[in-house]
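At position 76 of the sequence shown (counting the first as 1) the number is 100 in my numbering, and the numbers step up by one without a gap.
By construction, these hints were calculated from the structure, which means they are not laboratory data. These numbers were taken from a predicted model, which means no experiment stands behind them. There may be inaccurate statements among the hints.
[What the hints assert, rightly or not] With a straight-line cut-off of 25 Å between C-alpha atoms, the simulated DMTMM-like cross-links for lysine to aspartate or glutamate are:
| no. | residue 1 | residue 2 |
| --- | --- | --- |
| 1 | K31 | E91 |
| 2 | K84 | E57 |
| 3 | K31 | E94 |
| 4 | K93 | D41 |
| 5 | K101 | E71 |
| 6 | K26 | E53 |
| 7 | K84 | D43 |
| 8 | K62 | E47 |
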Amino acid sequence: MKLPVIKHLTQFIEENDQDYIIETIEVLEALTEVPSLKDEELDVIGELISNMYGALEVNKMIKDGTEKKEALNNFMKRVLGSIDK
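All chains should be modelled from the sequences, with the hints used to inform the complete structure.
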C-alpha cells in the first residue's frame, strides 16, 4: 500500500463519490480471473485493489469525524502494525 496513492484516492472520493471506487474494485477483481494474466500483472491489480480498499477505509474514518491527516496516519500505522506481527 502506498500512502500517496491512498491520499489521492481519498481526495477523489471526497470530490466525487465512493461508488466509483467500489465499482472499479469490482471490475479489477473480475479481471483477476483472466487465466492468461501473468503474476506481475496480478500483483499490480492486487496493489491497486489494496490501495482502493485503503482509501475507502480512510474515507470511512473521515466520515466518522477523524481529521483527514490523522485518518491517513492511523490507517498506515494499522497496516504497518499488522505487517510486523
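(message) Let me make sure I understand: some of the numbered hints might not hold for this structure. Which ones are they, in numerical order?
(response) 2
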